[in-house]
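Novice: Single-letter residue listing:
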Amino acid sequence: MKKLLVGFVVFALIISLGPLQVEASVNAPSYNYSYWGNSVAAPDAYSADMLLTGEQWNIGGLVEPNDLFVTADQNIYVLDSGNNRIAVIDQDFQLIDTIDTFENDETSGTFANPQGIFVTEDKHIYIADTGNNRVVHLDEEYRLVDYIEKPSSELLKEDFVFQPVKVVVDNADRVYVMASGVFDGFMEFNVNGEFNTFIGANRVQVDPIDLIWKRLSTKAQRSRMVMFIPTEFTSFDINEEGFIFSTNADGGKDVIKKLNARGTDILRREGYYSPIGDIRFPIDVGPSRLIDIDITDSEVYSVLDAKQGRIFTYNGDGHLMFVFGGLGNQEGLFHTPVAIERIGDRFIVLDKALGEITVFNETEYGQTIIEANRSYYQGKEDQAFELYQKAIEMNANLEFAYTGIGKALLRQGDYKGAMENFKQSLDQKNYSKAFLLYRKEQLKDYFPTIMTLILVSVIGITGFRIIRKSRKKREGVAIE
Amino acid sequence: MNRETVKYPFYLIVHPFNGFWDLKYEMNKKINLIISFFILFMMIVTNILSTQYSGFLVNIYNPNEMNSFLEIFYVIVPVMFFCIANWSLTTLMDGEGKFEDIFTSTCFSLTPLVIIQFPWIWISNLVSMEETAFYYFSTSFALLWFVFLLFIGNMTVHQFTPMKSIGTLFLTLIAMGFMAFLCLLFFSLIQQIISFFYVIYQEIVIRY
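Quick mapping for you: the protein sequence lines, in order, are chains G and U. Numbering-wise (our numbering), the first sequence opens with residue 30 and increments by one. Numbering-wise (our numbering), the second sequence opens with residue 55 and increments by one.
Next up, chain U with everything else stripped away, as it sits in the complex (with noise of 0.2 Å):
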């Protein structure tokens, strides 16, 4: 871990061209991994403190509500998601990166994410209710770039065209709501089933 590796992210947002190239072809898969992850983390911090400290005129909890674990679910199910669907599709289509490649990329475009959203936990708790504007004007911003980055990521990674890379991000997303409704009709069918020998069970041990 040098120097070098730690910069990378900051380097590849601005140049994002250069930046992916070398993501998949120069350098070290392993290292690229473990940034990855690191992202990723830092994503689901920047997740649950947001949600929890931002400022009160930008962000009313319920502390009812309120549920760490749930704010991992809502970082890590649509990052595995956009990866499965994406990985799935360009198979198909031809494309030549590897699911640790559509990994490494996805967690890479989400730095802006964090990089700007990060300080505004605490600045939001400086600002009044005009200046939410800047907030939420900076926080537009990140995700636009983030979408950016996720586009030029897939299109060197799977070196497509411009116009099929937005194609296959586009059937990405109808693949993500596929996958989400073959989740609930599994986690609902299996819920029935555990009722159903519950009950089974409930009925013998009552019976006898």
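Pulled out of the complex, with its shape left as it was, chain G reads as follows (with noise of 0.2 Å):
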């Protein structure tokens, strides 16, 4: 009786420890997918270490905030849209302003539902304020500078509503606008605000079904019929180089796109698998519905999946390098999260419905992996092979890391440890061409050896079957 009490309260006290040691932050089982199409387990590259909320600041809940923007200095923009303001954080995420009216020349002027924010290199603030219809262009004080509203143009209809939901500036001071209910692809718009043209749409996805229905069907059931159009975009973003990253909800290959000025898809897609979130993914839940986009250094770039709240980070090949975060109620996981950025090496997601930005900080796989693509993407081999290398030590299975072992001993000339590595990664490109030059090599060495070989063999036959049929000769000679 004794021994079962004291079982019983080594049991009550285990079950009560137990809670205790459970994390409060924690993260979603990290992944990456094979070269077959399995999803392959892979350590976090990222974990969550804080959560900001408006109340931190003294300036009340962020109220469905829809849009983030960092800038250069690590400056942080929130788009607060639900109370109509921004919230400019420093970079130790300390606020510094809030900024929810603008001068004009005679009044003050407010935002109404603004959706989308970009902050150029000299601190001019372009917001797409949706519900006046106009984008505001505030200076470096936050005074307006202009507004770019309803283009007057043969190419718009006359019922055009103008509701731009996002903006982006290139270097030359273009604005680029995506705007809801647009079709055509983004709204140029030239340095004085005027509308040039649209560029970057996306292609009429069609159904072949649906298509020999329209095409069986008389002209007046096909004008009650759905029309085919293309799909919106559902974000975008610009880097240094004035390439606009974007994304759209088409469900095929190409969702994710990179425009250049004429507006051509030149987004590699060298990797296993298109990049297009997940290649694997429950039927009632479908693939992945991508909503923001972020561009970094070295061409990596991060969407973010609506459906399942993932983060994936592609490098420039198309390569998935890592996935991290996930829908759920703990820290690191969220609700309906609508906008990602990058100050540096760190995440930051905004969460819409429950006004919070989740700080991500890089683990030291993440950190690898990341720093291993820089190297590379600047050149810098050697320490591109060692970071590799390291990484594939924290994880096997990360497949195209074996790649870039194989191109940086493809350049110290280790032909051989550059085929098997290709091989790791089963990249048959590169292999090929490190098994030409292993070829060339072994071929120089043992040419003459093989040369000489051949030709006394040759001469060996050849005189032997002289020898032979003379002899043969001779015999039926005797014979007869």
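These aren't lab readings, by the way, just hints derived from the structure by calculation. Nothing here was measured: the structure is a model prediction, and the numbers come from that model.
To list a few chain U residues with every Cβ distance to chain G over 12 Å, as calculated: (1) N56; (2) N82; (3) Q106; (4) V129; (5) W176; (6) C237; (7) V259; (8) Y262.
Simulated DEER-style distance windows between Cβ atoms: (9) G:E449 x U:M120: 14 to 24 Å; (10) G:R497 x U:Y79: 34 to 44 Å; (11) G:E393 x U:M120: 31 to 41 Å; (12) U:N56 x G:R500: 20 to 30 Å; (13) G:F476 x U:N179: 12 to 22 Å; (14) G:M480 x U:K61: 30 to 40 Å; (15) U:V253 x G:F212: 49 to 59 Å; (16) U:N121 x G:K458: 23 to 33 Å; (17) G:P477 x U:N179: 19 to 29 Å; (18) U:S182 x G:G345: 17 to 27 Å; (19) U:R57 x G:R500: 14 to 24 Å.
Note that the Cβ used here is the ideal one computed from N, Cα and C, for glycine as well.
Hey, can you piece these two chains together into the complex? The hints should help.
Specialist: Written as structure tokens, this is what we have:
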């Protein structure tokens, strides 16, 4: 009986101690996709560090915030749409300023449900002031510079309503606006705020069965059917070189696009799979719906999947580097994530429904991959080689890292080692390159020996034949 | 087993008309069967080795899914399906070939596949990406040669006209499809029955 009692006490203790050991911050299990399309467990690349709320800065909770922007000097602009204001935060997450009105010449202006924000290098702020159907351009002192309003152009219909949702500005101060209900691409405005043109329209996605039905139906029927129209963009961002990266909700292979000045998609899709977010997903959930994109240095870009709350980061070749985040109630998970940005190598994720910003710090593993990729991009092959090696020690299943090692070895002249690594990453193109060099090297070494052997054997065989023939003849003669 | 018998398949693939004729009417049936089984065996060996050892540039294989036993089935099952389907059809269509004749002619037709693909297992390790075109050319050439031999073999064995043998070969393909379907049906039924009895067994065991 006593034994039983002790057992009970111990049992109760273990149960009560259990929850204490559970940490408040969790990371959804991290993974990556193998060449064969299986999801393979991977170490965490990022872990949630802290949570930022409006109460922290004594400005009241954020209400339905929609967008984030981080400048080069790491100031964070949070677009607090529900409160029609912008909160400016420094890199230590202390409030610098809030902007809810701006000086106009006569009156002061306000925002109405703004959806997108962009800050240029000289701290000019562009706000997609959706409710007021305009884009507001403020200078560094938050004074109004200009409005961009509904353009008058023959490209636009009479009843067109200008509802800007996102805005970016390139180095030449051209303004690109993503407006809702526009299917022709982004609206490009010149420096003076005049409408230039549309760029980068999405292609129309047609279901073959729908097309057959449409072909079979009469004109009257057709006019009542749903039109085939290209999908709208969901988000876009611009990198230092002036390329626009956009996301859309097509569900096809090119949900992420890198657009050049002519609006042509030039994204590299050299990875095992096209960068589309999740390639394996439950049928009832469906493919990822990418709603925000963020580009950093070395052509690395991250996209946010609204369906499963995950953030996918790809390198310039289109290889999936790591995945983190998810939906849930704990720190490090989100309810309705809407925007992602990077502060240096850290990530901040904005949650619309909760009005919170989650800050993610890179783990050693994440840091290694990012640094490896950066070193390779900058041409520091030796450093890249070491970092990739280190990444593989932490995650032997990181297939594309072997390509990195292989490329470094190829540069160093170790063709055999390069071949082995390219074989690991199942990279036939680079394997072939390494193999050709290896074969040349080997042939150079063994060419004299091989040629001598061939020559000797040819001479030997012909000589043998001649001797045998003549001997047979002689024997034949003898028999006759 | 003299020298002539070993050389015979090589003679047959370059002189198919004479070769198949002699195969049916002149040669020793027992030796024919032995050679046939040997060719079939070599085909299996080629198949297994090529999935494992072909060069990386022409063959990316998943070691988790590579199964030598399955590779054996991939050779034997189509050959047997073809022979059975062809025999069933030609019996109804006044073909003169016996099952044995059909089997030996089919196996002899496989010869070019073996003699071309077997060396390529090793050579494919010595080529670059651009040179893999030769590999694909050779394998398709071997395949065409095989189909041609199969056609001539069928024609000779059954004493059909060319058009009729093309027709039979086409029908054979359809019959093979039917057989595959029936086999699947049969196996899934067996599986259902087994699981049914297993469930009954479990029910009884758990209850008492």
